[in-house]
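Enquirer: Please arrange chain E on chain X, whose structure you already have, making use of the hints.
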Amino acid sequence: MVIESLNWMAGGPQGSGVDTASTIFGRACGYGGLYVYGRREYHSNIKTMHSYFHQRVSKQPTLANIADVNLLAAFDAETVVRHVGEVVNGGGIIVDSRDLAVNVLTNIATFSEDYKNQIRVFMQQNGVGETVNDFLNYAKQKNIVVFPVPYMDLLKEIGQKLNIEKISALQKMINVLTIGVSFAFLKYDRKLVEDAIKATFREKLVDMNLTAVNVAYDYTEKNFNTADFKHKLEKQPTNEPRIFLTGNQAVAMGKVLGGCRIQTYYPITPAADESEYLEAHEILKTRSGQEAIVVLQTEDEIAAINCASGACLTGARAATSTSGPGFSLMAEGIGWAGNNEVPVVVTYYQRGGPSTGQPTRHSQQDLRFAMHAAHGEFARIILASGDIAECFFDAAEIFNLAEKYQMPAIHLLDKGMANSSQTYPVFDYSKVKLDRGLIVGEKDLEGKTYKRFEFTESGVSPRAFLGTKNAVQWYSGDEHNEMGNINEEPSVRKNMMDKRLKKIELINKEVPAEFKFNFFGDRDSENIVVSWGSPKGAIIEAINQLKDEGYKVGFLQVRMVLPFPSAQIKELLTGKKRIVDVEDNATAQLAGVIAENTTIKPTHYILKYTGRPMMVTEVYDALKDIMDNKAAERQVLTLGA
Amino acid sequence: MALAEMALEPHKVVIVSGVGNAAKLPHFVKANGVHTLHGRLLPFAMGIKVANPHLEVIGVGGDGDGLGIGAGHFVNAGRRNIDMCYLLHNNGVYGLTKGQASPTLKLGVQTKSLPNPNINEAINPVALAVTAGYTFVARSYAFDLNHLKNNIIQGVQHKGLAIVEILQPCPPYNDINTKDWYAGEDRKDGNGKPQPRLYKLEESGFDPVVHDEGELFKKKVAAMEKAQEWGDRIPIGVFFQNPLEPTFQDRFTKRISFYPENPPAKQQLKNENGASSVDLSDFIDDLKTS
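Chains X and E, in that order, give the protein sequences.
Each number in the numbering used here corresponds to the 1-based position in the first sequence with 23 added.
Each number in the numbering used here corresponds to the 1-based position in the second sequence with 6 added.
Chain X extracted, bound-state conformation (with noise of 0.2 angstroms):
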């Protein structure tokens, strides 16, 4: 049976190539006319941890991930064990045959104490012994397909096949060799495959695994009957062209687009992987030649904040990326740039936290902390965005808010939207416009004292540039003038304050709509799903399952968080039986937000904290009970291993 929509999942250990794998899974289904949302976790840590990868493919958009998964391709053994439990009925699972023996309490390095704890009571529960292949025998009890492949046999075949004596030389290949097992048994085009390896490796490694992926695809066609195994990829065309991308990269390419042409940064997961491919991209194409955007890897993010802004003074657009630990060291750079309305933009992935936390895990934590992060009080812009679209748009766009209104403005996202990768009609950018505020130039001053903090109905003061004749001008980090001279009396004071705060009005006034929140489903339902962030795409998911089984459910996703539209969440909420907060932190963060600013509470509250992104699934599960009153005010969710 062809279905559809098919989960693929890839583990192993850190270092072993799952990303690689996983890259060149997307891409062949890409290839094929399909729709792919890929997720990827891992350790912090550089080899052995364990670390895997889910490629959702469907015929249709996918927008998020679901737990289940439908074809398990293990590495090494303790991807079998972890992950034993999220293949469902129907499903398969490729493993190394050399594994089957494994004992899963002696034998794995890599697991913990508390880890193996579990693994006992699981074992209790269920009757299951102590080697792999007893897991496996568990499995097949649920209806999975087991396909056990002798990795090693098929390396030496590839050696033979390349001249190499080494083992140890192509034990790289084992990701390779389980795509080639995988689209085997989905019966998938193979030149798309071989197409999506060319794409993927330097050219002097393209041959090796070309031959890996064939050695691996006809030994599975020999060796097994692929009918055993029920789910089957079938190409479809597609007239319309598509990428397939992360949110790193959607970042970076809206950063370029908008005009971003300084961006520092200090090495952090989750954000680093978007000015690397920046740097790698710092030359820019232009319809008339080239630009360039200099990327600046700076001691520490204290100095990248502030480096941006210093930048910003110049007349450049500049940007810095991060995440929480980092934003933490920013909080000096954001009052400055405050005080002195300065329009940097802060790119924010946030992670698990506090302090270090779980630095490769997704959460949506710093909500508070992106609004509140720096002493005294000042205008802001955050901008969340909910899926890796708007990532790319907001990136350009929000350079816009921050030179019109003058001040920091912070995108914020997190770590799922910053690793997943999904698959997009190519994005249409005709439309982006690049305003850059009220500028003033040299001709403009001819003649006239130029006050950079000149005082103006709006609060918006005529910017020139660091280097404009006859614009010589002050900032300065203690309260000031309209010159930016040191000022303390209470007159400038009050005055410079009200200046500062009252572009606040002036961004609810103006600002449209589609920047602050975006509305789904029905808008007059009484029931209606508030969130932000990367929830999102499970959470459309999940309320288009809902309408197909009768529910009428609406969602609100707020963008704009800072000045936060206050009036228009009020009236989209007032009079609902049911206001659902669906955030991935545990105290509920934006709804806190919302009933300050608007004084409605949210009748039900869907938290997760697990580290782990939100799953279709259970967003579904738990919507339904709350439609059904089966479910409590408070739902917390905890997919995912």
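I should point out that these hints are in silico values taken from the structure, not numbers from a laboratory.
Calculated pairs, DSS-like style, for lysine-lysine (alpha carbon to alpha carbon, straight line, at most 25 angstroms): (1) Lys471(X) <-> Lys36(E); (2) Lys474(X) <-> Lys272(E); (3) Lys36(E) <-> Lys474(X); (4) Lys155(E) <-> Lys18(E); (5) Lys227(X) <-> Lys294(E); (6) Lys294(E) <-> Lys454(X); (7) Lys185(E) <-> Lys206(E).
With beta-carbon atoms standing in for the labels, derived distance ranges: (8) Asp292(E) <-> Arg546(X): 37 to 43 angstroms; (9) Pro252(E) <-> Ser514(X): 47 to 53 angstroms; (10) Ser263(E) <-> Ile462(X): 25 to 31 angstroms; (11) Ile509(X) <-> Asp186(E): 30 to 36 angstroms.
Don't be surprised by glycine CBs; every beta carbon is placed ideally from N, CA and C.
Expert: Then chain E, alone, in the frame of chain X:
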């Protein structure tokens, strides 16, 4: 004085300062002034200079600012050789908070504002700058205006990262390293004439310049040796000067050939109709699946 002598136009100069008494300087000079955060003048200066290398960037801060809270930036700036001049005012104390010991106050010294003798050893700014990779390292004295002015001019004109340490008394809080102390009023010769503690390197035959790459190590060692002198004989003048090291701007130009004429601050960004100048097709081709 130095700016006027170099005939730099005020709108082309940016004075970037940290926080502290010294850091208020930009407010008293007719040139662009960016009064930043405590210890952070170097990151701001880097952003300004990299975005627009046509600006003449001058950093101003104190010893606490640069060597205490800003020490990480102080050291890392040396790795980049950004073409700017950093004026480090050194008086041994935190004046604005009433005279606590700064990172340059020697171990065991008790100024009148300290309840106990200083329990920390001092950082040597000249030695640290040479080690970190600054390519022009000088020291001058606040009461020797001409010497100071000349050192500043040399520092500004140097292609690369220059630092001028400015020794200066802080009469309210540092009663040890006073004007009289520098002048040697406490150590008179047989005729009752004060024996000044400061002497000028340029008058002592010291050559700080790296003339060819082979001299680099020798010149660094010589500068480090000179930097150790303190107490009765304190050198001022240029300790180290290496014009051969490529600046940060040179390094970018190697990768981005049009960087000098078309740096980040000068790029077009958009067309007449407001659309982005960037064509994303290179990015998109890499990501395409159909």
